[in-house]
Each structure stands twice: as C-alpha cells, then as structure tokens.
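Assemble the whole structure, with the sequences as input and the hints as a guide.
Chains A and B are the protein sequences, given in the same order.
Number 163 in numbering that gives the first Met the number 0 belongs to position 164 of the first sequence; there are no gaps in the numbering.
Number 286 in numbering that gives the first Met the number 0 belongs to position 287 of the second sequence; there are no gaps in the numbering.
Worth flagging that the hints you see were computed from the coordinates, not collected in a lab.
Just so you know, these numbers come straight off a predicted model, no measurement behind them.
All clues stand as given, with none of them false.
One copy or two, it doesn't matter: identical chains are merged, so the pair holds either way.
Keeping only pairs whose Cα atoms sit at most 16 Å apart, straight-line, the calculated EDC-like set for lysine to aspartate or glutamate is: (1) K127 to E44; (2) K257 to D309; (3) K253 to E273; (4) K322 to E182.
Number of protein chains: 2
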Amino acid sequence: MVEVKLGNPRDAAGVSREADSPRSSLIAHFGAGQPLRLDAGIELEPFQIAYKTYGTLNAERSNAVLICHALTGDHHVASVHPVTGKSGWWETMVGPGKPIDTERYFVICPNVVGACMGTTGPASFNPKTGKPWGLDFPVITVRDMVRAQAMLLDHLGIATLFSVAGGSMGGMQVLQWAASYPERVFSALPIACSTRHSAQNIAFHEVGRQAVMADPEWRQGRYLLEGANPRRGLAVARMGAHITYLSDAALHRKFGRKFQDRENPTFSFDADFEVESYLRHQGISFVERFDANSYLYLTRAMDYFDLAADCGGVLASAFKDAKTRFCVVSFTSDWLFPTSDSRAIVHALNAAGARVSFAEIVTDKGHDAFLLDEPELFAIVRGFLDGAGKARGLKVGG
Amino acid sequence: MVEVKLGNPRDAAGVSREADSPRSSLIAHFGAGQPLRLDAGIELEPFQIAYKTYGTLNAERSNAVLICHALTGDHHVASVHPVTGKSGWWETMVGPGKPIDTERYFVICPNVVGACMGTTGPASFNPKTGKPWGLDFPVITVRDMVRAQAMLLDHLGIATLFSVAGGSMGGMQVLQWAASYPERVFSALPIACSTRHSAQNIAFHEVGRQAVMADPEWRQGRYLLEGANPRRGLAVARMGAHITYLSDAALHRKFGRKFQDRENPTFSFDADFEVESYLRHQGISFVERFDANSYLYLTRAMDYFDLAADCGGVLASAFKDAKTRFCVVSFTSDWLFPTSDSRAIVHALNAAGARVSFAEIVTDKGHDAFLLDEPELFAIVRGFLDGAGKARGLKVGG
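Below, the structure is given as structure tokens:
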C-alpha cells in the first residue's frame with residue numbers, strides 16, 4: 000500500500016473512510032472472477048456493496064423488498080446514519096408497522112455503486128493502485144447499479160424480490176429492475192421518477208458538476224490524495240439542487256420573504272432572508288456526509304438514464320411481457336419529475352400489457368414529498384403491498 | 000490617484016474600464032451637491048449614468064419612452080454592444096418601424112446604478128479612494144435605480160415620460176416608476192415581472208451569489224484591485240440562472256437528450272449532451288462582459304424588491320390615484336415570474352382604480368420570451384403604445 004496523505008478527518012477523509020469501511024453496515028465482497036460488468040465496457044473487480052437489512056427473510060425467501068436510494072441517499076434507510084447521527088432517510092416508510100412493514104417484509108437496502116457510504120465508488124481505495132479511485136473510477140449507469148444489486152441478491156440467495164421500491168434516482172433503479180430482471184420482480188413501486196432524464200434536469204445537474212469542478216480544492220478530482228476538499232463547490236451544487244427538490248409554493252409557505260432574525264434588510268450580502276440561511280445550511284451540512292466525486296458520478300448516471308434508448312427508442316419494449324405489478328406514484332408539485340413523466344411510464348406499461356396502478360398525490364411539497372410525511376403516499380404503498388402480498392401468498396410475520 | 004494593479008485586459012479589467020469610460024454611450028455626470036439618496040441611507044456622490052438615446056425628442060417633449068433593462072442587460076438596447084460586438088438586446092422591439100418605433104418616440108435607455116457598463120457601480124472607481132468600489136459600494140435597490148433615472152430625466156429636461164417599458168428586473172423598475180413618480184408616467188409596460196421577488200427566486204439568486212463568492216478569485220470582492228477575476232464562479236452562477244430563464248419545454252424542444260457531435264455517451268464528464276455544451280457557452284460568454292460584484296448587487300436589488308412592503312403591506316396603495324395607463328404582459332411558460340404574479344399586479348391596479356390591460360402570451364419559451372421573437376408581444380406593445388399615443392395627442396414623427 001502506498002501511503003496516502005489525507006485531509007482533515009472531519010472533511011473529505013471522513014467520507015473516504017466510510018467509503019471503504021462503512022460503520023453499521025453489512026458488506027458483500029466480490030473478488031477476483033466476480034467482476035461487475037459496466038455499461039462503459041469495463042469490468043470492475045474487486046468491488047464491494049455495503050447494505051442494510053431489516054426484518055426477517057421467510058422460509059420461502061419470498062418476502063424480500065429491495066429499497067433503492069436516491070442521489071444523495073444511502074443504505075441507512077431506517078436506522079441511524081453513522082456520519083450525521085440522524086434518523087434513517089425513510090423511517091416514515093420503512094420499519095415495524097410502517098407501510099413497508101419490517102414485521103412482514105425482509106427489507107434490503109444497498110448503497111449504490113459510485114456512492115460513498117461503503118459500496119465501491121470514486122472515494123474508495125483502488126487496491127490496484129493503493130490510492131483512492133478519484134476520476135479513474137469508471138463512469139457508471141443506473142443499469143450498472145442494478146446489475147450490482149442483482150449480484151448482491153445472488154450473494155444473499157434471493158431469486159425473486161417481492162417488491163422493489165424507491166423515489167427519484169431510486170425510482171429509476173426500480174424501473175431498470177423491471178426492465179432488466181422482470182422475472183425477479185414480483186411488484187414494483189417507482190415513485191417521483193422518469194424513464195429518462197429531461198434536458199432541464201441534465202442542465203441542473205451540469206451546473207452542480209461545474210460548481211464542484213470550479214472549486215480549486217477539487218484538484219482535478221484528486222482532492223483525497225492531496226488533502227484537499229471542494230467543500231464550497233459541493234455546497235453550491237447542493238444548494239442549487241435543493242431548490243429543485245422543493246416547490247415555489249412550499250418555499251413561499253415555509254419562508255416567504257421573511258427576514259432572518261431581523262425586521263428590516265441589512266443592505267448587505269449576509270443571509271438577510273430566512274430562505275438564504277436555510278439554503279446555506281443545506282449546503283454546509285451536505286458536504287459533511289458526501290463525496291464530491293460521487294456527486295459527479297451519480298448525477299451523470301441519472302443524466303444517462305434513458306430506458307427507451309436502450310430498447311430501440313420504444314419505451315414499451317423495455318417492459319415487454321412484464322408480469323410485474325406496478326404502482327406508479329407522482330406528486331402534483333414535483334417539477335423535477337412532473338406527473339407527465341409518470342404518465343409516460345404508465346402509458347408504456349399499458350402498451351406492454353402490464354398490470355399497473357397510478358396515483359398522483361396532491362401536495363405542495365415538491366419532489367421531496369416522497370421523503371416527507373405524506374399520509375396518502377403511505378396509504379397507497381401499504382395498500383399496494385397488501386394486495387401484492389395476497390397475490391403472492393405472503394403470510395404475516397414471514 | 001493611487002496606482003491600481005489590474006488583471007488581464009480581456010478579463011475583469013476590461014469590464015472595469017467599461018464601467019468608468021463606457022464606449023458608444025452618453026454619460027450624465029452628477030457631481031457635488033447632486034447626490035443619489037439611497038434606500039440604505041447613504042448619499043452616493045459623485046456618480047454617473049451611462050445611457051443611449053434613439054430617435055428625436057419632439058418639441059412638446061412628450062414622446063419620451065424610457066426602457067429599463069434586466070439583470071444582465073445594459074443601455075445598448077438597439078445598437079451594437081461595445082464589448083461583445085453583438086446587436087442590441089431588444090432590437091426586435093426598439094428601432095425604426097419596430098413596436099417601440101424610434102421614428103415616433105424618443106427612446107432613452109440608461110444603465111442602472113450598480114451595473115458595470117458605465118453607470119456607477121461596484122466596478123467603478125471610487126474617486127474618494129482612487130480604487131474600484133468593490134464591496135464598499137452601497138447595496139442598492141430597484142427604487143434607487145429609478146431615483147437615479149428620474150435625475151437623468153431632470154438632467155435631460157424631460158418632465159413626463161410618454162411610456163416606460165421593461166421586462167424582468169426592467170419590469171420591476173417600470174412598476175417602481177409608476178409607484179414613485181405616477182405623475183411623470185403617462186403609460187407603463189411591465190413585462191414578465193412581479194411586485195416582489197418570491198422565496199424561490201431569492202433562493203436561486205442566493206445560489207448564484209454563493210457560486211461567485213465561493214470562487215477564491217473573488218478575493219472577498221477585491222479582485223479588481225488584486226488582478227484576479229472570479230470567472231468560474233460567475234460562469235456557474237450564470238449557468239444556473241440561465242436555466243430559470245427558459246422552460247422545460249423549450250429545453251426539450253431545443254436540445255432534448257441529443258448528444259454533442261456524437262452518437263453515444265462518452266462515459267466521461269465531457270459535455271456529452273448538447274444542453275451541457277450550450278450552458279457552458281452561456282457561462283463563459285457572460286463573464287466576458289459582466290462584473291461579478293455587479294451581479295451580486297443587482298440580484299440583491301431584485302431580492303429586496305417588494306412594492307407592497309413599502310406601502311404598509313397593501314399593494315394597491317402603491318398605485319393609489321394612478322393616472323398611468325398600464326399594459327401588463329406575462330408568458331404562459333415563465334416559471335420565474337409566472338402569470339399569477341402578473342395577475343396580482345393587475346388586481347392591485349384594479350383595486351387602485353387604474354386603467355389596465357393584461358395579456359398572457361402563450362409560448363413555451365419561458366421567461367426570456369420577452370427578449371425573443373414573439374409576434375404577439377410585438378403586436379400588443381405596438382397596439383398599446385398606438386392607443387396611448389392617440390390619448391396623449393402624439394403626432395407621427397414627433
């Protein structure tokens with residue numbers, strides 16, 4: 000091993016250590032002869048997948064639910080995050096008695112390939128060089144993420160998923176699962192997502208990437224090696240992205256034009272408005288837990304996502320002969336993945352003859368509604384899984 | 000004068016020189032005893048206003064039309080830009096035979112206070128220190144911009160404007176003109192604007208400012224003094240803002256998911272998609288002609304804009320007893336200043352008993368539609384000014 004100079008442990012190196020030795024996580028190692036075959040034409044070998052499980056796999060191995068996380072999410076879906084100490088990102092949805100009920104289902108949530116919380120990604124050490132991968136890490140796709148997850152299921156001895164669920168980039172993985180491994184997916188819950196990233200969404204991602212790469216601390220992607228950390232660039236990227244996760248109405252309701260701790264403007268560039276202070280906090284807290292290069296790789300994977308393009312331009316072909324039961328969910332105020340995107344999924348599924356239900360939930364909370372307290376979403380997910388469970392012959396308690 | 004080290008002449012210093020000695024511009028100097036009284040409680044003295052005029056002022060001095068420019072616009076409304084060599088930004092609207100017909104009207108367009116094209120702003124030299132103002136320049140408001148423009152009209156001996164017109168930040172100035180100097184405004188054309196900046200818009204501006212300030216080349220605002228230039232930060236800010244000027248539909252129509260000069264993804268962070276390449280170009284070309292600190296000041300002025308707040312929270316009070324004829328225009332796909340904002344203007348004008356017409360133009364071009372080839376907009380502006388001209392008793396040709 001070559002000795003590597005690392006930065007402030009609270010900075011990038013902290014993220015880096017989590018990338019290789021994730022706390023509070025299970026790890027599946029894939030060594031020589033078990034490469035992940037990437038869309039870029041490269042074989043990633045060795046690699047590892049960090050994951051969490053909740054609940055118990057039943058004797059028939061028929062109650063497994065795979066949760067796919069979003070761009071900045073991770074596998075700590077329903078338990079404390081080892082870096083931030085905060086609750087899991089979907090504790091409202093996943094847990095004992097929750098809509099995705101861990102007393103009924105065996106929940107598996109893997110960290111995606113390219114991320115920074117224990118599954119191999121650009122912040123991981125490349126054992127061939129003894130240095131962090133950085134930009135030498137191959138560019139990955141949503142299909143690659145799903146291919147790795149299928150290897151994890153093989154490793155766990157799970158042939159078929161009772162369900163696969165996720166929102167945003169997680170929803171893209173759900174759709175990719177249904178397209179790549181239809182025989183392994185009994186039911187699927189793609190939430191607030193699309194079969195392809197729009198030009199506007201690519202544009203927002205590109206601004207975020209440019210913000211990271213404009214930071215001299217990024218060092219052409221070699222910041223972990225050089226003891227640097229592009230905190231400011233990544234924070235700007237997060238701030239911009241965060242706006243797209245909310246809605247005009249939600250921001251108006253929550254902040255309006257309220258001043259921060261004062262009555263009148265300061266006539267300065269301080270965070271006069273509450274919304275400015277809130278956004279700055281979002282940026283600062285994000286960089287404590289996320290790797291800048293991972294942000295580049297995962298946004299890129301979302302941009303590349305285009306299920307129809309993989310099937311000669313005909314989206315319905317992606318779901319041909321699908322036996323999977325689908326429940327597609329969108330939110331009225333989601334302008335990142337608007338309802339029209341979800342309708343396109345539903346039309347393609349209809350054209351493919353698939354069994355599909357669709358719910359558009361009225362809310363002003365924007366894209367992030369899938370992560371928030373949305374009783375209608377909870378009721379829909381619970382009802383859909385109940386119905387699928389009956390069809391599958393699942394017994395309560397596994 | 001203290002000697003000042005300036006940067007690369009093609010960089011910030013080029014903008015800086017234009018800030019003090021604008022080419023192809025008229026300049027009104029306001030010296031001792033003629034201060035601009037700012038909302039921040041400061042008197043700016045001396046200061047100058049760079050402006051352009053087109054057409055001829057008639058004998059009655061009754062055919063003057065003031066054009067107010069947007070955030071990154073300037074006074075080169077209908078003639079070649081001295082830095083970029085490109086056509087004026089509103090040549091489709093202003094000129095001989097155009098909707099704002101310079102054969103009928105005497106058009107005046109001043110560069111706003113705080114900008115960088117010849118009117119005093121943060122890139123200008125502060126004669127009291129012999130150095131560029133930088134962040135020592137006082138934070139200004141839209142009302143300050145309009146107050147300075149009123150001083151320019153006094154300087155030109157024009158008591159009353161036949162009309163005042165502008166889009167976006169220009170539209171804010173139009174509204175402020177009608178509120179601050181109702182007796183001086185015969186007709187007003189606020190386009191694609193609002194009486195107050197929304198939380199979401201403040202949020203987008205804050206991201207842009209943070210992108211600039213995150214660039215180490217910004218040097219706490221002292222880049223002109225230190226021979227630096229926060230090009231990358233300003234380019235990122237512009238890229239993000241530019242998305243908000245367009246629409247999802249326009250980006251889809253124009254770029255979709257088309258690759259740039261290739262058939263397949265490169266699996267890299269190059270500008271694979273046309274929309275990425277387009278955005279990068281927008282960012283790079285912007286920094287050639289704009290000052291980073293000016294960007295901070297002008298976005299701040301827009302954020303502070305809130306006509307109702309200046310009138311005890313009652314918007315209609317801002318237009319009390321207005322004799323001005325209004326034509327309010329919005330665009331269906333403008334999500335920065337949506338039609339609901341324009342309707343709020345119309346409701347307030349109705350409540351104030353003002354004469355107002357309102358047009359919502361159907362287009363997918365987004366906020367920037369006011370700058371583009373929109374025949375319906377041209378017809379509306381021409382018709383509105385014709386009608387106002389008859390009421391004003393204007394003769395063709397002045």
